[in-house]
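Dock the two chains into a complex; use the hints.
Residue numbers (our numbering), protein chains in the order written: chain A, 1 to 318; chain B, 1 to 108.
It is worth saying that the hints were derived from the structure and are not from the lab.
Treat each hint with caution, since some may be false.
As a list, the in silico SDA-like pairs of lysine to any residue whose alpha-carbon atoms are at most 25 Å apart [said to hold, decoys possible]:
1) Lys35/B / Phe260/A
2) Lys41/B / His26/B
3) Lys56/B / Ala9/B
4) Lys35/B / Lys112/A
5) Lys112/A / Asp88/B
6) Lys301/A / Gln42/B
Quick look at which bits of chain B chain A covers, simulated, 3 or more residues with Cβ under 8 Å [said to hold, decoys possible]:
7) 34-47
8) 56-64
9) 84-93
Note that the Cβ used here is the ideal one computed from N, Cα and C, for glycine as well.
Here's the letter readout for the chains.
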Amino acid sequence: MKDYKILFTGSVCSGKTTAIRSVSDIETLDTDAQASDVTVRRKKNTTIAMDYGVLDLNDDTRVHLYGTPGQERFRFMWDMLTSEFAHDAIGMVLLVDNTRKDPFRDIRFYAKEFGDYLRQRRLIIAVTHSDVEPSPDYNRYLSELKGLGVMTTVMFVDARDPRAILGVIEELISAVEREIDWDKVSDRLLDTNGFSLDFYKPLYEETLLDAAMNKRGVLGAMHLGDAHDVLCSNIDDASVKTLLLNIDRLTGAISDKASFMGAVNNVVLAGPDVDTLSVFNDQNQALCLRSDKAISLPVLKQQASDLLQWSIENDYMA
Amino acid sequence: MTIWHDMQAAGLIHCGCVLLNGEVQHSCFPAESKKQLAVAKQALMYVFRSVDKSDKDYDEAHIEIGDALFSGFKLDSDRLLIFLSEHDTNTLQIRQFIDDNKERFLQL
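Pulled out of the complex, with its shape left as it was, chain B reads as follows (with noise of 0.2 Å):
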C-alpha cells in the first residue's frame, strides 16, 4: 500500500503528487488527469510565489474549480504536495494526515 492508496482508503483524495523545486517527483494522478494535474501545478505554484513575494508563512492552499478542490501544501521549502480531492473534502483531516505522515512524504 503506498502512501496514495492510504489517503484514497480514507476518501480523502482522487490522486496526488509531490513537486521537488516544481517538478513531478512523485505521481498517482492517472493519464487522463494529466490537464487537471498541470492546472493544479501551475496555479498552486503561483500562489506559493506570491505567498512568498508577501512575505506571509502560508502553507496550504485550496483552489475549488467546479466540483473538484485542488489543494496544495508546503512540505519544506523545496517540495509541495498536491492533492486533487471532492470539493466538500474536509480539508483539516487532509492537513492532519500530511501532520502525522510527514516523514513518508519526504521520502517519496
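For reference, chain A alone in the conformation it holds in the complex (with noise of 0.2 Å):
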C-alpha cells in the first residue's frame, strides 16, 4: 500500500474541515469545539486540534488529510503537524476564503508561517467561497502570487463539493501516481459522500460591537470609518469618545506627514487609575476600545486584529 500525505491550512472559515470530510472515505477526525472569541461571528464551531480523514485512490493508494486549525492561538499544533504527523506530506493546501478583508494577507501570512515546511513540498492555493465574493478574481491572484514571488498553483473551488477538492489532490498526486482514474474516485465520492450545500453553514451573528464586548477585558467599542466618521459605539462618556476621536485623527496625520515611517498600526494610552484606550488602524477604518487596565498590550493587539479582519463582512451581512 502506498501512502501520501496532504496538509491542509487556512484561515478560520476557509473550508478545511469541510474540505477534508467532503473526500475522506472514513469518518473524519475532527475536534471541533465552541469558538469563544471573536471567531463566533463567522460560525459557532471551531477547530481545535486537527482534522483527519483517508481518501482511498485505488486498492493499493491512499491519501492521508491532515488539517490544521485555523486559529493562531493553536499555533503549536501547526508545529505540531509540520514535524510531526505531516512531516513527510507530498504538498500543503492553504485553503483562502475570499470573503475576508484581505485574502492575500492571509497568503502572505500562512507564507509565511510555513515557509521552512514549504521549500520541501508543493503548495496549492484552493480560493472558498467565491460563490458569496467573487472578488478578487482568479487573474488577481495570479498578479498579487507573482508580486509576493509565490509561484504556484490558484485553484477556486467549493469546499463542500467532493470533485472539486479531488481535483487539487490529483493536482498534488497525479505528480507521482499516473495509474489512478480519477474519474471513477470522483463517481464512488459522489455516491458514498454527495455534495449536500448544507454542509458547510457559516453564521454571521454578532455585530462588531457585540463581538468586541465579548472580548476579554472591553468595555466599551467605536467603530470608526474612513473619513473617521463614527460608525457605531456604546462608549457614553462624551470625553473618552472625543480623546479617542482626536487621536484617530492623529493617526491619519501622522500617516500623511511621517509615511516614511508607514503607517499608524495603533495608539495606547494607560494610567495607574484609568481604563486603557486604545484605537486600532486598518486600512478604511479604525477600530477604538476601552478596556480593563489589566489587559496587556500584546492581548488588546490581538483581540483588536480579529475584530477588525471581520467587520467589513458583517457590516454587509448586516
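Have a look at this one:
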C-alpha cells in the first residue's frame, strides 16, 4: 500500500474541515469546540486540534488528509502537524476564504508561517467562498502571487464539493501516481459522500460591537469609518469619545506627514487608575476600545486585529 | 553607563529623550533619527495635550508606526520621556524600569 499525505491549512472558516470531510472515506476525526472568541461571528464551532481523513484512490494507494486549526492560538498544533504527523506530506493546500477583507494578507501570513515547510513541497492555493464573493478573481490572484514571488497553482473550489477537492488532490498526487482513475474515484465519492449544500453554514451573528464586548476585558467600543466618522459606538462618556476621536485624527495626520515611517497601526493610552484606551487602524477603518487596565497590550492588539479582520463582511451582512 | 545605555542593554529601547516643557532636555537619539524624534515629539505632545483637555489621568501613551513603537511617559507635569523601540517591545518592562529609576530620569 502506498500512502501519501496532504496538509490543509488556512484561516478560520476557510473550509478545511469541510474539504477533508467531503472526500474522506472514513468518518473524519475533527476536534471542533464551541468558538470562544471572534470566530463565533463566523461560525459556532472551530477546530481546536486537527482534522484527519483518509481517501482511498485505489486498492494500493491512499491519501491521508490532515487539517490544521485555523486560529493562531493553536499554533502549537501547526508545529506538531508539520514536524510530526504530516512532516512527510507531499504538499500543502492553503484554503483562502475569498470573503476575507484582504485574502492576500492571509496568503502572506501562511506563506511566512509555513515557509520552511514549503521549501520541500508543493503548495496549492484553493480559493473558497467565491460563490459569495467573486472578487478578487483568478487573474488578480495570479497577479498578486507573482508580486509576492509565490509561484503556485491557484484553484477556485467549493469545499463542500468532493469533485472540487479531489481536483486539488489530483493536482498534487498525479505527478507521482499515474495509474489512478480519477473519474472513478470522483464517481465513488459522489455516491458515498454526496454534495450537500447544507454541509457548511457560516453564521453571521454578531455585530462588531457585540463581538468586541465579548472580548475579555473590553468595556466599550467605537467603530470609525474612512472619514473618521463614527459608524457605531457604545462608549457613552463624551470626554472619552472625544479623546479617542482626537487620537484617530492624529493617526491620519501622522500617516500623511510621516509616511516615511509607515502607517500608524495603533495608539494606546494607559494610566495606573484608568481604563486603557486604544485606537487600532486597519486600512479604511479604525476600532477604538476602552478596556480594563489589567489587559496587556499584546492581548489588546490580538483582539483588535481579529475583530477588524471580520468587520467589513459583518457590516455587509448586517 | 548612562540610563539610556542601561535601557538599551536590557533590550527595552533603541533610543530615548527627556522633554522639559516641550523642549529636548536630554537625548540619546542619534543624528540620523532626527526625523523620527520630531514625529514622536509632535505626536506624543498632541496626545498628552488631548489627555489634559479631557481631564483624564493618562500618563503613558504608545504609538505603533510601521515596525517602530514610540512611547511617551509623563514623569511629572513638565517632563515627558520619549522612547523609540521595536513594535513588539514589552511596554510593561519599560514602565517598570521607569518606576524603578524615576529619580535618575528627573536628574537628567
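Results of checking the hints against the structure:
Only pairs whose Cα atoms come within 25 Å are accepted, and lysine 35/B paired with phenylalanine 260/A is accepted, the gap being roughly 10 Å. This hinted pair checks out: lysine 41/B and histidine 26/B have alpha carbons roughly 13 Å apart, not beyond 25 Å. Only pairs whose Cα atoms come within 25 Å are accepted, and lysine 56/B paired with alanine 9/B is rejected, the gap being roughly 34 Å. As the CA atoms of lysine 35/B and lysine 112/A are separated by approximately 31 Å, the hinted pair breaks the 25 Å bound.
Proposed proximity of lysine 112/A and aspartate 88/B is supported: the alpha carbons are some 18 Å apart, at most 25 Å. Note on lysine 301/A and glutamine 42/B: the hinted pairing holds, with a Cα-Cα distance of about 24 Å set against a maximum of 25 Å. Check on the segment 34-47 of chain B: 6 of its residues sit with their Cβ under 8 Å from a Cβ of chain A, so the three-residue criterion for coverage holds. Counting residues of the segment 56-64 of chain B whose beta-carbon sits less than 8 Å from any beta-carbon of chain A gives 9, enough to reach three: the coverage restraint holds.
Only residues whose C-beta sits within less than 8 Å of a C-beta in chain A count toward coverage, and the segment 84-93 of chain B has 4 of them, enough to reach three; the restraint holds.
Of the hints listed earlier, those the structure fails to meet are numbers 3 and 4, in rising order.
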